[in-house]
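The lines below spell out each chain.
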Amino acid sequence: MYQSSKSEAIEVILNDEASRGISKDVQITIDRKKCNFSMYDPTGCQKCLRICPVNVFATRPIEKRNFSIPPKERIDPTVWILLPTWADWCNGCGACVQSCPKGAITIQIGKKSIAPPS
Amino acid sequence: MCTWCNQHGDRGHKWYETFDNYLFKKVFPDEAAQQNAKQKIAGTFASTEWRYSDPEFIRNQQFLKERASSGFGSQIITKEEMLKVVKLADEAVKREDTIMVVGHCPCRLVYEGVRDYVCIGFGMPVAVSMEVGYGRLPSEGLTEFGGREWKELRREIRKGVKVPLKYEEAEQLIEEWEKRGLWHIVMSRGRLPLIEAICNCEKRYCTYWMNRFRSGVKEYVLKGHFIARVDPLSCTTCGQCWDRCQFGALHYSATSKNVDIDPTACFGCGLCASACPNQAIRMVPREEIPVAQNLW
Chain A
340 MYQSSKSEAI EVILNDEASR GISKDVQITI DRKKCNFSMY DPTGCQKCLR ICPVNVFATR
400 PIEKRNFSIP PKERIDPTVW ILLPTWADWC NGCGACVQSC PKGAITIQIG KKSIAPPS
Chain B
2 MCTWCNQHGD RGHKWYETFD NYLFKKVFPD EAAQQNAKQK IAGTFASTEW RYSDPEFIRN
62 QQFLKERASS GFGSQIITKE EMLKVVKLAD EAVKREDTIM VVGHCPCRLV YEGVRDYVCI
122 GFGMPVAVSM EVGYGRLPSE GLTEFGGREW KELRREIRKG VKVPLKYEEA EQLIEEWEKR
182 GLWHIVMSRG RLPLIEAICN CEKRYCTYWM NRFRSGVKEY VLKGHFIARV DPLSCTTCGQ
242 CWDRCQFGAL HYSATSKNVD IDPTACFGCG LCASACPNQA IRMVPREEIP VAQNLW
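As they're listed, the protein sequences go chains A and B. Here the numbering used here = 1-based position in the first sequence + 339. Here the numbering used here = 1-based position in the second sequence + 1.
Don't read these hints as lab results, they were simulated from the structure. Owing to the predicted nature of the structure, the values given are computational and were not obtained by experimental measurement. Hints are supplied without guarantee of correctness; some may be wrong.
[Claimed, not checked] List time: in silico BS3-like cross-link candidates among lysine-lysine, alpha-carbon distance up to 25 Å:
{"id": "1", "chain 1": "A", "residue 1": "386", "chain 2": "B", "residue 2": "204"}
{"id": "2", "chain 1": "B", "residue 1": "26", "chain 2": "B", "residue 2": "95"}
{"id": "3", "chain 1": "A", "residue 1": "403", "chain 2": "B", "residue 2": "41"}
With the hints as extra help, turn the sequences into a complete structure.
Dropping the structure here:
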């Protein structure tokens, strides 16, 4: 766990299937260490959600990985994460990469990669 | 008549025009079934509905099919039908002593991070479930924020903001939503003959639309009972309707200067008809158009 913004902590899940997208041809990676996404904090950014024409991105509240808690209470609606749910619907316009102020998003379509200028 | 009407309609009436489908006690006649349903209602939101955007959930066709057959169903309706539905719901709410409220669209929350109060929920499910913000949010003075203060706020929302909605207010809201270009859906969330909510949404973030067109589970949203038809003699090609169709059915030909609507693609939401200043687009019953008769 580490602090990403003033009010929210985002759980870092390494090698998470969901954070990489499903399709093998298209891979959208959101760098959780750079991403400033926040559902409730007004200083958090939601630019990629708004700008994507095919709605690749979606959010959901995190689920605690503590299995001693009953399933209904595992969901924590105060902390939300950003996912590239429909990664294989990506049309490769690269608007999310350009609009992301932190440069957290990279897209890999086949051999072509769209990455923020480093 | 569509699948739901054949199963749950009352002698040739549509399923959402049958008054019994609005009454919790008619759909679940005995005490044990009522208790079971109430428990299920309280459970659904916590266990599944937060996960609309979860790839494991929304992309799992097998799972979605099972979920649909357990009693999820909805249908697109026109504004006039929507007003009828709200009227029936209002009567049912008065009879069962429950409430009708405006809630935020969970799909839009999940796909755009915006709480947009465009859904109407009514009846027992609303009274039982603790859905966040199911009620009208005071427009000023409430900011949503993480941490302790937000938790307190949420408690407040749960207690106080379930302000019952009157029929007249609902009428005005529907008018507003129609102007914004949102289509209308009448739906049941897991208890099929029981009608419990109305959605006003757009293709961009509608989860049910995604279930149908991206995951291929058709039962989530059926086409409506009407189809839009253009009368070419009174159409002036003014262009008011061109951006209203979200299903890709309406097409303008620049060479021959006319508008046509593909009946096999039309969902019957009636948005194009309400935008037309010359009443050139009419909503005709699906039975009258042979190509689209059995397409739901």
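Each hint, compared with the structure:
1. A:386 / B:204: holds (19 Å)
2. B:26 / B:95: Roughly 13 Å separates the two Cα atoms, so the pair holds.
3. A:403 / B:41: Roughly 22 Å separates the two Cα atoms, so the pair holds.
Checked against the numbered hints above, the structure breaks none of them.
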